[in-house]
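With my numbering, the residue at position 234 of the sequence shown is 246, and numbering never jumps.
Incorrect hints may have been included.
Said to hold, decoys possible - Taking lysine-lysine and the BS3-like style, the derived pairs with C-alpha atoms no more than 27 Å apart in a straight line are:
1) K57 / K300
2) K284 / K149
3) K119 / K130
Hints were generated in silico from the structure; no laboratory data involved.
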Amino acid sequence: MTVRIGVIGTGAIGRDHARRINQVLQGGTITALSDVNRASAEAVKADIAPDATVFATGEELIASDQVDAVLVTSWGATHEQYVLTAIAAGKPCFCEKPLATTAEGAKRIVDAEVAHGKRLVQVGFMRRYDEGYVALKQVVNGQIGAPIMVHAAHRNPTVPEAYTTPMAIHDTLIHEIDVFRWLLDDDYVSARVTFPRSAARSHAKLRDPQIVTLVTAKGTVINTEIFVNCHYGYDIQCEVVGEDGVARLPEPMAIQMRLNATLQNPILTDWKDRFVASYDVELQDFLKAAAQGTASGPTSWDGYMAAVASDACVQAQEAEGESVAITYPDRPTLYAQG
13 MTVRIGVIGT GAIGRDHARR INQVLQGGTI TALSDVNRAS AEAVKADIAP
63 DATVFATGEE LIASDQVDAV LVTSWGATHE QYVLTAIAAG KPCFCEKPLA
113 TTAEGAKRIV DAEVAHGKRL VQVGFMRRYD EGYVALKQVV NGQIGAPIMV
163 HAAHRNPTVP EAYTTPMAIH DTLIHEIDVF RWLLDDDYVS ARVTFPRSAA
213 RSHAKLRDPQ IVTLVTAKGT VINTEIFVNC HYGYDIQCEV VGEDGVARLP
263 EPMAIQMRLN ATLQNPILTD WKDRFVASYD VELQDFLKAA AQGTASGPTS
313 WDGYMAAVAS DACVQAQEAE GESVAITYPD RPTLYAQG
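Using the sequences and the hints given, assemble the complete structure.
Quick look at the structure:
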């Protein structure tokens with residue numbers, strides 16, 4: 013079965029996902045497009061999906077009998093309304109992060125999906141599909157003993173002037189918040205944030221870098237450095253200290269050179285290049301599940317859990333050095349394996 017996909021939001025990530033589905037992956041085709049900037053949707057139609065219909069609104073796209081499943085890649089504040097509409101229509105939906113911009117919004121999606129009685133939503137936490145993280149999880153699960161500590165870093169070369177301190181959580185750390193829950197098979201109970209002196213490349217509305225400490229229900233302590241003006245490259249690090257050994261996330265493949273009296277290898281500067289393969293794998297997983305009328309991968313519950321934890325981290329930013337408790341309701345049966 014070829015799944016007919018409608019894409020809501022045809023900016024950079026929506027355009028790239030459309031390209032993947034029509035030109036790289038198997039089992040899907042783009043039949044519908046929508047964007048608040050109609051010219052953007054028309055450009056994707058001309059360049060990537062010539063047979064697609066351009067709809068004036070996301071709601072019209074979801075309702076169309078030309079669409080079996082939906083990709084929500086629009087502005088984050090619109091995600092909730094489109095995902096809820098897709099659930100009401102009974103259509104599988106892939107939603108880029110965030111699932112919603114508030115924990116309350118994410119909970120409304122969870123409640124709607126539970127009421128529907130079947131999984132329909134996959135959240136775009138692509139790191140779970142990254143080859144390095146998958147290999148790290150295999151080691152953590154069986155070879156280094158119970159995890160005691162995690163040391164991690166999320167470094168960007170630069171961010172725009174509009175990037176503010178809370179965005180370091182909602183836009184940057186959100187990936188670590190999700191992938192560490194998955195990596196450790198554990199949930200969070202508290203968050204704390206501390207700030208070293210600000211880097212020279214920071215600005216008045218951004219305290220950078222910062223260190224976020226998360227404690228899990230099983231007692232693992234996770235320290236993550238967020239440094240979004242590190243200048244030298246895009247650098248993701250993760251080291252898990254277990255009772256019997258230590259495991260590190262592998263570096264992206266790069267040629268090491270001995271040249272001009274130095275030992276060197278290149279460092280990526282663009283996050284899209286670092287995780288390009290994982291996007292292919294996650295969307296192929298979505299297409300496979302959508303062909304069966306359901307969803308796979310990270311769940312609405314995962315999106316909700318990430319939203320609750322990220323809200324707590326922002327509270328911890330505002331109460332520097334203090335521990336902020338993280339609490340969740342009971343996990344619904346629908347997500348027992350999610």
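Here is how each hint holds up against the structure:
Restraint check for K57 and K300: the C-alpha separation of about 24 Å stays at or below 27 Å, so the hint holds. Between K284 and K149 the alpha-carbon distance is near 22 Å, which keeps this suggested pair within the 27 Å criterion. Restraint check: the Cα-Cα separation between K119 and K130 comes to about 16 Å, which is no more than 27 Å; the hinted pair holds.
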